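Asks: What follows is the residue order along each chain.
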Amino acid sequence: MKKVLLSGNEAIARGTYEAGALVACAYPGTPSTEILENITQYQEIDASWAPNEKVALEVGIGACFGGARALVTMKHVGVNVAADPLFTLSYTGVRGGLVLVTADDPELHSSQNEQDNRNFAKFAKVPMFEPADSQEALEYTKLAFEVSEQFDTPVFLRSTTRISHSKSAVVLGERPTEIKKPDLERNPAKLVMLPGNARKLHPIIEQRTLDLEEWSCQQPFNTIEKGAGEVGVITSGVSYQYVKEAMPDADVLKLGMVYPLPKPLIREFAAKYKTLYVVEELDPFIEEQVRAMGIEVIGKDKISICGELTPGRVKGQLFDQDSPTEDTSAELPPRPPSMCPGCPHRGVFYELKKAKAYVSGDIGCYTLGFMPPLSAMDTCICMGASVGIATGISKVLSEEDKRKVVAVIGDSTFLHTGINGLMDMVYNKSTSTLIILDNRITAMTGRQENPTSGYQLNELEAPRVDLEQLCRAVGVRHVTILDPYDLAMTGKVIRAEMARPEVSVIITTKPCMLVPRDNQIPRPPLAVDNDKCTGCKACLQIGCPAIIWDSEKKKSIVDPIICTGCKVCLQTCRFDAFQECGEIS
Amino acid sequence: MSKVNNILLAGVGGQGILLASEVISEVMLMAGLDVKKNEIHGMSQRGGSVVSHVRYGEKVYSSIIPEGEVDILFSFELLETCRYLPLLRKNGRAVVSDWKIAPPSVARGTVPYPKDLTQKICSQFPSSIIVDGLNLALAAGNAKTVNTVLLGALSNILDFDREMWLTALQQMIPSRLLDVNLKAFEAGCQAK
Chain A
288 MKKVLLSGNE AIARGTYEAG ALVACAYPGT PSTEILENIT QYQEIDASWA
338 PNEKVALEVG IGACFGGARA LVTMKHVGVN VAADPLFTLS YTGVRGGLVL
388 VTADDPELHS SQNEQDNRNF AKFAKVPMFE PADSQEALEY TKLAFEVSEQ
438 FDTPVFLRST TRISHSKSAV VLGERPTEIK KPDLERNPAK LVMLPGNARK
488 LHPIIEQRTL DLEEWSCQQP FNTIEKGAGE VGVITSGVSY QYVKEAMPDA
538 DVLKLGMVYP LPKPLIREFA AKYKTLYVVE ELDPFIEEQV RAMGIEVIGK
588 DKISICGELT PGRVKGQLFD QDSPTEDTSA ELPPRPPSMC PGCPHRGVFY
638 ELKKAKAYVS GDIGCYTLGF MPPLSAMDTC ICMGASVGIA TGISKVLSEE
688 DKRKVVAVIG DSTFLHTGIN GLMDMVYNKS TSTLIILDNR ITAMTGRQEN
738 PTSGYQLNEL EAPRVDLEQL CRAVGVRHVT ILDPYDLAMT GKVIRAEMAR
788 PEVSVIITTK PCMLVPRDNQ IPRPPLAVDN DKCTGCKACL QIGCPAIIWD
838 SEKKKSIVDP IICTGCKVCL QTCRFDAFQE CGEIS
Chain B
1045 MSKVNNILLA GVGGQGILLA SEVISEVMLM AGLDVKKNEI HGMSQRGGSV
1095 VSHVRYGEKV YSSIIPEGEV DILFSFELLE TCRYLPLLRK NGRAVVSDWK
1145 IAPPSVARGT VPYPKDLTQK ICSQFPSSII VDGLNLALAA GNAKTVNTVL
1195 LGALSNILDF DREMWLTALQ QMIPSRLLDV NLKAFEAGCQ AK
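First to last, the sequence lines map onto chains A and B.
The first sequence begins at 288 in my numbering and counts up by one.
The second sequence begins at 1045 in my numbering and counts up by one.
To be clear, the hints were calculated from the coordinates, so they are not data collected in a lab.
Treat each hint with caution, since some may be false.
[As the list claims (entries may be wrong)] Each pair of labels, with its calculated beta carbon distance range:
1. THR1154(B) to THR562(A): 24 to 32 angstroms
2. GLN1214(B) to ILE491(A): 39 to 47 angstroms
3. LYS1103(B) to PRO551(A): 41 to 49 angstroms
4. PRO1158(B) to SER662(A): 18 to 26 angstroms
5. LYS1188(B) to ARG810(A): 47 to 55 angstroms
6. ARG554(A) to THR1211(B): 48 to 56 angstroms
7. LYS1047(B) to SER591(A): 23 to 31 angstroms
8. LEU1210(B) to GLU555(A): 25 to 33 angstroms
As the structure is a computational prediction, the values presented were derived from the model and not from experiment.
We put the beta carbon where it would ideally sit given N, CA and C, even for glycine.
Go ahead and model the full structure; you've got the sequences and the hints to work with.
Replies: Dropping the structure here:
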């Protein structure tokens, strides 16, 4: 049978197609983003970006109430946003199957926290599958849709960065030729969650969890792999792969469903071993439940709760062995991510620093404004939080300090959950300033469309939210549109709006440099005139990767391959040393 | 269990590391082997340090290479090569482009770019191969084909048919860029 290499995310997309799903909805978030991007190749599925995860789940719920199978995907922190509909959907159950993918990020490769969303399964009383490679990602996605309909429940599929972004060989299946046509079917006693209705459903979902527990003991996704018979390991997901590397002789109980746990199966397995390990990333989720059954295990007393696992870490932590790590010594300078050459955000942070602003930041590429030399971000909590935090801190500061507070947010994050904060700013008469960095794309996750970009996930044109009109509509009287490549004007506007004793919004309007449709006219790269450069290093303060200090000549040079000709550096030079290539004789 | 082979790719965001790891993985799949590859997307793409793991053999479990078991460090930048040098197994080798890309602190002039990195690599791992990737890529006609030049050099030391590499390149690279990449691959094969 022909095998293809698929990432976990591609396999989930394929599984959704093979399950006959009709709708898929998401808000982008690493490491989940590529699932929806890959679903666009299947014309049979209506795939769309929602403005946030709560809306994405609600769209999925609607489709499933209409009788269709629906997939909803998000990163781990996205489930916090979608938790409200999720917890009550657990009560109503589904009509068509609904699968919610949570892509967790142990090690925080690209996240603001390291939460373990297996806890959501227990908290919301929703079953959860956890694949260990791409083939399982495909199969468990299909299985999750079946379980959703069989047990009348939404079903979680939990991935982690190392599942979503690893490729392995997969055998593909086919999409069913006949798919039940969605229609209207009224069932208000099941779908209208007034207290009287919900109260009746609660004991039913408690029974559902017990039924799933019993059922899952007999299913092939919870399997025992025989080893030498001396030690037992309970594990799941990607941790299973590391156990097979680190402890090739162990007997392994591999759990495909991590909630509810197959307790009778665990009891039977555990009884065979004097030494029993639970190997899992992040929280002691399986371990605590196994201990509550009165079974002694070795788990988080050895294996760290923090960070992801690797084969070396499993071996090292369980058996106190050292394993080599990458060289982090001071002789090798680190290489953190930074804003791209030509990024329209750069000038704003350069001027915010000069204005000594206290910057309430948000989630996006512009969070890199934290990095030196810009070093112009003071807080960053979660999507949309910059606005409310600016309001709150302003409430408690002196008149002088209050004026220093500026909230900074991107277009996509503003529409995600920032707009609510702005309504609060106006309604409760805050005096803060909000800068919306509108680059017309959801950039950090790899440039996804959003309601300000003018395009949908499938690249069809869409109406564009007019951010200026939106801000005015919620009651902001002072909205300034700004070209962030004009440093003098950017500084002037920022200072004026910081001083204004009233809510004001500044909207920058230059698009992301990496979006081809918005950057069709190439600008020539700049070069440094050696005779004019005095080596003052002023241009190095903008943190542009295209400007490099030549430590021998004691002058700046521009890398013409990556310079985009944005001319922000030129405006920081008092000696007129930057010129377009070709202008220097 | 037969041995699993481990290639760790390293470099800087934007150098085409992920495409190179795709090509290697496709070749292994064509050869009928089990293969897993791993990488991190997201923030690291913004000019940060990037690694990708490729593992192949009869049966591969973890997509992450066990620490200290890298057979080949396949790297596109000198400093990044040295960062991951401790993960190479004894008698392992590096296949490296000697391109230097200044990390932010070097670009700002706060610290110098480390010296003598090539010597460090070759003294610790004498069978390493250092390729002038950037100049070979420029000679092939496009500075962005350094990754393909390096793939050519890598193909010399792996025991897979040349045809498989060419097929994988044809599958992975857009047709308008194919010719220049095939030239770059050939230049890498010839590099000593």
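Asks: State, for the Cβ atoms of THR1154(B) and THR562(A), whether the hinted interval 24 to 32 angstroms holds or is violated.
Replies: violated, 51 angstroms
Asks: The hint says 41 to 49 angstroms between LYS1103(B) and PRO551(A); measuring C-beta to C-beta, is that right?
Replies: At 31 angstroms between Cβs, range violated.
Asks: Quick check on a hinted range of 48 to 56 angstroms for ARG554(A) and THR1211(B), using CB atoms only.
Replies: holds, 52 angstroms
Asks: May I ask you to test the hint 25 to 33 angstroms on the CB atoms belonging to LEU1210(B) and GLU555(A)?
Replies: Once the Cβ atoms are compared, 54 angstroms apart, the range 25 to 33 angstroms for GLU555(A) and LEU1210(B) is violated.
Asks: Mind checking the hinted window 47 to 55 angstroms against the Cβ distance between LYS1188(B) and ARG810(A)?
Replies: violated, 19 angstroms
Asks: Could you tell me whether the CB distance from GLN1214(B) to ILE491(A) stays inside 39 to 47 angstroms?
Replies: violated, 57 angstroms
Asks: I want to verify a distance hint. Is the separation of the beta carbons of LYS1047(B) and SER591(A) within 23 to 31 angstroms?
Replies: holds, 29 angstroms
Asks: The hint says 18 to 26 angstroms between PRO1158(B) and SER662(A); measuring C-beta to C-beta, is that right?
Replies: holds, 25 angstroms
Violation of the numbered hints given earlier is confined to hints 1, 2, 3, 5, 8; the remaining hints are satisfied by the structure.
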